[in-house]
Amino acid sequence: MNHSNKSICNYYPLHFIQAVVRTVDVMTYVHESTTGSKGNNVGPGVSQLVFKIVWRQRRGTSIMGEFKVHRVRFFDYMPSAIRTMAFNSQTERLAVARADGAVEIFNFNDNFFQEKVIPGQDGRATEALCWVGHRLFSAGLNGEITEYDLENLRPQYTVDAYGGPIWTISSNSQGTQLAVGCEDGTVKIFAILEERIQFQRNLNRHKGRIISLCWHPSSAQIAAGMTDMITIFDAETGHATRRLLVDRAMGASKNKEVVVWSVGYLSDHTIISGDSAGKVQIWNGLTGTLVRTYLVTKWDVLVLSVSKDESSVIAGTSEGTVIQFQFISSTVDQHDKEWVRTRTFRNHSHDVSALAHTDTAVVSGGMDTQLVVRPLLDKVEKNTQESALRKIAFPHRSLVGCAKKAGLLLFQFPDHLELWKLGESEGHGKPGDRLPVKRKPEKLIELKRKGEDHICCSALSACGGWLAYSTVSSVRLYRIQYNNTISINKVSKLPKELRSVHQLCFSSDSSKLFASSCQSSVIVVAVSQQECRYLHTLKHKTGSRQPVHLLCASDDGKWLATANTDCEIHIYNLHKMKLHCMVPVYNSCPTTIAIHPVTNNLISVHADQQIFEFSLVQKEYTQWSRRLQTQGLLSLWLERDTPITHITFNPKNPDHIILHDTYMFCIIDQSLPFPELNAVLWNQMILKSLPVSQRIGQSHAFKICKSFQHLMCVSLLEDLSLVVVERPLLDIMSQLPAPVRQKKFAT
23 MNHSNKSICN YYPLHFIQAV VRTVDVMTYV HESTTGSKGN NVGPGVSQLV FKIVWRQRRG
83 TSIMGEFKVH RVRFFDYMPS AIRTMAFNSQ TERLAVARAD GAVEIFNFND NFFQEKVIPG
143 QDGRATEALC WVGHRLFSAG LNGEITEYDL ENLRPQYTVD AYGGPIWTIS SNSQGTQLAV
203 GCEDGTVKIF AILEERIQFQ RNLNRHKGRI ISLCWHPSSA QIAAGMTDMI TIFDAETGHA
263 TRRLLVDRAM GASKNKEVVV WSVGYLSDHT IISGDSAGKV QIWNGLTGTL VRTYLVTKWD
323 VLVLSVSKDE SSVIAGTSEG TVIQFQFISS TVDQHDKEWV RTRTFRNHSH DVSALAHTDT
383 AVVSGGMDTQ LVVRPLLDKV EKNTQESALR KIAFPHRSLV GCAKKAGLLL FQFPDHLELW
443 KLGESEGHGK PGDRLPVKRK PEKLIELKRK GEDHICCSAL SACGGWLAYS TVSSVRLYRI
503 QYNNTISINK VSKLPKELRS VHQLCFSSDS SKLFASSCQS SVIVVAVSQQ ECRYLHTLKH
563 KTGSRQPVHL LCASDDGKWL ATANTDCEIH IYNLHKMKLH CMVPVYNSCP TTIAIHPVTN
623 NLISVHADQQ IFEFSLVQKE YTQWSRRLQT QGLLSLWLER DTPITHITFN PKNPDHIILH
683 DTYMFCIIDQ SLPFPELNAV LWNQMILKSL PVSQRIGQSH AFKICKSFQH LMCVSLLEDL
743 SLVVVERPLL DIMSQLPAPV RQKKFAT
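Following our numbering, the numbering of the sequence shown begins with 23 at its first residue and continues without gaps.
Hints are supplied without guarantee of correctness; some may be wrong.
Unchecked claim - With a straight-line cut-off of 27 Å between C-alpha atoms, the simulated DSSO-like cross-links for lysine-lysine are:
| # | residue 1 | residue 2 |
| --- | --- | --- |
| 1 | K641 | K600 |
| 2 | K401 | K470 |
| 3 | K534 | K426 |
| 4 | K515 | K470 |
| 5 | K472 | K401 |
| 6 | K534 | K600 |
| 7 | K359 | K401 |
| 8 | K534 | K460 |
| 9 | K320 | K276 |
| 10 | K427 | K401 |
| 11 | K600 | K580 |
| 12 | K674 | K728 |
| 13 | K515 | K460 |
| 14 | K330 | K401 |
| 15 | K460 | K512 |
| 16 | K518 | K534 |
| 17 | K460 | K426 |
Claimed, not checked - Between beta-carbon pairs, the in silico distance windows are:
| # | residue 1 | residue 2 | range |
| --- | --- | --- | --- |
| 18 | L399 | E360 | 20 to 26 Å |
| 19 | Q178 | P239 | 25 to 31 Å |
| 20 | L399 | A548 | 54 to 60 Å |
| 21 | P761 | S657 | 34 to 40 Å |
| 22 | V313 | D588 | 28 to 34 Å |
| 23 | L712 | K404 | 33 to 39 Å |
Hints were generated in silico from the structure; no laboratory data involved.
Only a predicted model underlies this, so the values are computations on that prediction, with no experimental measurement involved.
Idealized CB from N, CA, C, for every residue including glycine.
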């Protein structure tokens, strides 16, 4: 959905916003401090807002809590542009490649959850993606074809095509061959074997690069988009059987070459092309004749995508629009069908360079970094969750680490880490008062990664004395010491078991480092000033080979919980160093897990927004969890379209669970009743007019705050101050390059 300030009500229905006003009194008087460019700070614009916030129930009930809030906006997270994507209709997985080489896997069957991320690498410029069954291939301007290991989240192998930069990749319908289009004008065919690919042959070479490719569903022909033409090849002999000449633009652009950016090849031998002259053209591939031309933009048509049943085609332009064409009868009495332009979607501010056409939606992405899922309203039931527009702007994992005991924040970027110390205020005043900042936030360390591989995970110990990060090829551990100055020392000798890991986590007392490894196993390492020593490898018995994407340890040092993308949650006893139990498998992937510091109950929230509480001692769901599942969650909670990414607890009040997604954070009070499914959520004005008894009756466990937006982290420090890390979308948009000129009304 569009979460801009103008349409925030599209994300939360109006009565839900009113419920927030009713249940939460938020005092947002703010003091902002901006650091200078001296010392360890980084220029103007680094700000921390400090104020008091109070949750107070209406008269007759208890005070929910009072916090000093550190409102942090100096995490300069900048997502990379979406370069290309590929949708697997068999598994309902969408692969998205970004400009920095990272590849993300979204599960469309599980509320569009981003279940896997393969980190990028310097020099890996991915131009095209292709699914072959459960296997994922990419090709790029480095001239290599890459197959990914989706279990260990890394490239499995690369093959040089020896044709210069590769612009496009496509597989035949049988999944037995890959075709790639190269800079040197060749289309190269590779056989897909069980564990690798093997070069077979070149098709006849042409002058000029091959920009786009598409196999005919019979696998007998290949259509290749080039400069000023489309060439049809016989896939068996390699000979060109037909050339389709693409008209150039009129006027001043008539001498400018036309690049065929994308082609589609349909079962009836219709060829559809999109080019740099702004045209979508329909061709008869049997006769080589042009059937129809649609001039859809003054700029470029960058990408096309065809629906599975071949009845619809979508085109993405450099103006940020997506145009749909459908194969339908243009009049009521007409029996013959033709391609007709039917819809235009405007959900992007910049180039649309990647498209996927699913059975029910248009999926698009580009320079503005956001993944947009636009449902086709003729394919879904209206006014349901499936019919809502969805924009995915932030990763579904945490990039912020918090040292609760030391008041430090660790920010993860692809190429470096930043360690910040929070500012301090006087700390006196009434709820709602501004708190003057007596010490500004300070960047203590900027640690650049080694090698070409991007950082995939990082961790900061609770005391702030240890820092670790991993790439797909290595793990690095650092000891941090604070005296009058800060010093950081690399631990030179790490156990050989610490090679490539997916997640890192320190124990509460900072004596152990946990690292998730292959086949959902966890490596346990003891860390001290003297040494870093391997202790044990924790393994489960289910046989799952899927990566662990969540890792958390209990405060008392006894328990470790892991979650993998097979939806399994395993509990390990760290005193005995063995598997304790497995939580019953739920059919939606966990998005965050945490162990309560007092009760040692495991809280898990899943991609479908369901919440569970599991007793580690009793090895069963708690009564609170059973009641919640019996009664059911409020539909307005379940309809949220961003996952919960972090859970923290209030040690002063064990009944409170604090969790957040991108657009709100919530305190769940386990001592209060759940909201009724049919409850009327009054706004504050109406609530004040109700009798006291009715006000009390409207009290429930879910206290939601939306005063903070675009949240990267919400965490509670040891001093009970709340850290809220925001990354406003407007700040991200302001750093994007200028879009192409878009015509506005009356201009």
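Evaluation of the provided hints:
no.	hint	verdict
1	K641 x K600	holds, 15 Å
2	K401 x K470	violated, 48 Å
3	K534 x K426	holds, 17 Å
4	K515 x K470	holds, 19 Å
5	K472 x K401	violated, 49 Å
6	K534 x K600	holds, 16 Å
7	K359 x K401	holds, 20 Å
8	K534 x K460	violated, 35 Å
9	K320 x K276	holds, 13 Å
10	K427 x K401	violated, 52 Å
11	K600 x K580	holds, 11 Å
12	K674 x K728	holds, 23 Å
13	K515 x K460	violated, 41 Å
14	K330 x K401	holds, 13 Å
15	K460 x K512	violated, 33 Å
16	K518 x K534	holds, 16 Å
17	K460 x K426	holds, 20 Å
18	L399 x E360: 20 to 26 Å	holds, 23 Å
19	Q178 x P239: 25 to 31 Å	holds, 28 Å
20	L399 x A548: 54 to 60 Å	holds, 57 Å
21	P761 x S657: 34 to 40 Å	holds, 37 Å
22	V313 x D588: 28 to 34 Å	violated, 48 Å
23	L712 x K404: 33 to 39 Å	holds, 34 Å
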